[in-house]
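Novice: Given the coordinates of chain A, assemble chain B onto it according to the supplied hints.
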Amino acid sequence: MLQPLKNNHGQGIVETLIVIILFLTAGVFALVQLSIVIYNNLLVNEASFATGRVAVVCKKDEVQSKTQQAALLILGPQVSPQNLIPTKVSVWEKNPLGKAAKDYANQDILAYTTRIQFFTRLMFSSLLNPFHMFSFYSGGNPYFEQISRARMVKSPDEKYYWKAYPDAKNFNE
Amino acid sequence: MPKISTNNYHGQALPYFFMMMVVLLLCWMMIINLGRLMYEKMMVQNAADNAALSIAAYRARVLNKLGAMNYYFIGCPLYGGEDGLGNYFNLFGSLAVIAGPYGFCLQMPLPPMRVGDNKQKVVSYLDTIDHFCPGTELVNQGGEHRQAISLIRTLVDAYAGENRLQDAVRKPYPGTATLLGRLVTKVQSKNSSGENIGPEFVPLTTFSLGLKRNRSGITYYYVTGRLCISAPPIPIVLPSGFHTHFWFLEELDHKENAWLYADKKTFYKSHKITVQAVKLSSHDSNRGYPFGDRLFGGIEWPDIMAIASAATYNDGGPMFPIEDVEEKDASNKISPVIDEYKKAENKGWRAHLVPVGSGLLH
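Chains as they are written, first to last, in my numbering: chain A, 278 to 450; chain B, 1273 to 1634.
One chain only, chain B, in its complex shape:
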């Protein structure tokens, strides 16, 4: 039987070293796992914040663009930017009339005609500029006025018609917003190969602009004749003489589509965008985590989620007329389109982060 020597102490520290190493490794693994968890949580929260804010900023730009199109190309085509379609005082169907003292219509031909506020009578600006007419005059208009109103109709149709410029901006919004959210969350984190390994994007609200197309229609007229009556038949300002104009109209064309309006039921809600960023435990970048899971009893890496909200806001107002009717029943008044845009244009739509819910839901 071999004798065990007790005189050799080489290697007696080895077991202690290994025991220390085991404890060190356990602590090290715990800290690596915890650090990774905290990093992922902050990264996922940032991804959710950035996605929500990016979509809200995109939405703000779309609203600003559509509002400007409403104003410049539908509300105010070729009318000097102050008055819109239908700046014509319509009293008797196809006969239009204004009356006042001498000189008033000559100096300010447009403002009195705004009173009518009826977009269904769209005539050429050229027709509303009066030339001085002593006494009584009946003028037959030539073809140039038909061309002028045709140009207005073409411009309006280019912006408001189906699949035209406004809809090219408006209709892709839900899809583009979703793609934008996905992209922003994905690029939040990259691996060593430069691949995007950010969390998944989950929209929690539907992406809608809350806008509808006014389909009450626009009828375009041209002037076939004009009658001016002045009394006395010589121009006097003081004392003011009486002066009146009649225009005889004929329909040129009718188009179904007009400007965009805000749907009262959905517009105020649609500004808030809530999204979630989710990094599932099965995500490729989580492979290998938790570090040393078998030593910890086979624990599983958690799914990490974060939620964020952002909203568009405008201190000036909604920028679009607000209505609570179906598209075909929308108002034909032009002044709300102009007024709402002018109130809101200087402020413009902007975007910021907002609380997700009440209380501490941020």
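Next comes chain A alone, as it looks inside the complex:
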């Protein structure tokens, strides 16, 4: 039969250890994790804004390749398997008003939507993102998926991105 303890000295130390280990550590890392998620989100937002801007001033047949390159250029230094993992950069043409429209000069009004899909690698995924493969006990999904989008209206006449009128020389010649 267990005898009651005759003194409770050291109880505070034990409680302190429990609090530090469980709450402080988890709390601090949760805050750090949240900051990383927000940081990545801001960064990819900036990247999608910049790729959108590339899309609206390049030729139609170069839109796909140039937006991919632009996203790579901007996100490249930040990409890390331990933190930020971009998975897909998509760009597609949209009618900004929901239907085909033309401006006063009879040019099509088009917009480009850029979409960057990326993962942020999570610490403590079993706590922060516990559902993985439909199982709560699988250790969680360490990859937290986020998506960032931007949309800009295309510059109207791509024939004149480099010159001013039909027989003109290029601006930079």
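This list has only true hints and no planted wrong ones.
Computed cross-link-like contacts, DSS-like style, restricted to lysine-lysine with a CA-CA straight-line distance of at most 27 Å:
| no. | chain 1 | residue 1 | chain 2 | residue 2 |
| --- | --- | --- | --- | --- |
| 1 | B | K1537 | A | K446 |
| 2 | A | K446 | B | K1536 |
| 3 | A | K436 | B | K1537 |
| 4 | A | K436 | A | K371 |
| 5 | A | K336 | B | K1541 |
| 6 | B | K1484 | A | K440 |
| 7 | A | K446 | B | K1541 |
| 8 | A | K446 | B | K1443 |
| 9 | A | K446 | B | K1605 |
| 10 | A | K379 | B | K1614 |
| 11 | A | K343 | A | K365 |
I should point out that these hints are in silico values taken from the structure, not numbers from a laboratory.
Keep in mind that this is a model prediction, so the values were computed, not measured.
Specialist: Showing chain B alone in chain A's frame:
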């Protein structure tokens, strides 16, 4: 010696709370700083885009206005909008002549006279309208024709002369474009007091229209006499009789300035406008940033810059005759002024954003 009691546990969570708060504050500050940085970057880029596009749109309107003035008031004063100064077939200096079948000059007095294409002989439209003249006729013109050509000269001078209407639109362009760029970037952002705190405007290209004033001169003549010869001396159309006109001219006035033309060396380049918007770290609105800089080791807020290009374009053509000569050596042919304007007027100059450079420089 006082005994330290271990039986009082009040306040034991306080240190943990403070430690948590420190971490929370650090994360909070980092996110505030980063969010502010991203916001500033997008705002500065928008400011640069808007400034470039506003200047290009302004430039397009100036070109459209100047092109129309060239056409209506220099190229085609009082000539029905189709022909311009010098619609007079000049063969022998102060003697002008046309010849053709009966009825041709009566029905279409102007087109055959366009062949001359010499703006230095400017005469009144009234003089080119022939009245039917059987046989031979010598007419002394009265003072009304001098008044008519004086009116043309006054109109041309009002639009093309120094400090007149065309130059009132053309000359302020560089300064107005710069002011416009500054205004557009400044109003991009406001503080809580409603003051404009947008970035600074830095033009990276010179603002020029690439246009020059043709200074080869226009000489105005009036008709002192007209001679018509018809053979046979009765009007017959079929078979066509021969019919000719001679006009005797006398100089009324000479003006140095004529229409605007596009300078071949600079016109094609001047359409692209590249500007930079800069928000320096020392800007008033950055006071207090980075938030908590001492905690981060005294880091400095960066200067934020963005660059943008816009251009004017016209699918119809340049709208102005293009020449590669000095102003005094410019061509005196009127037809390019008319033709270039008519090709380009329906499209008009417009503005859009363009890539800053090649590759990914957007």
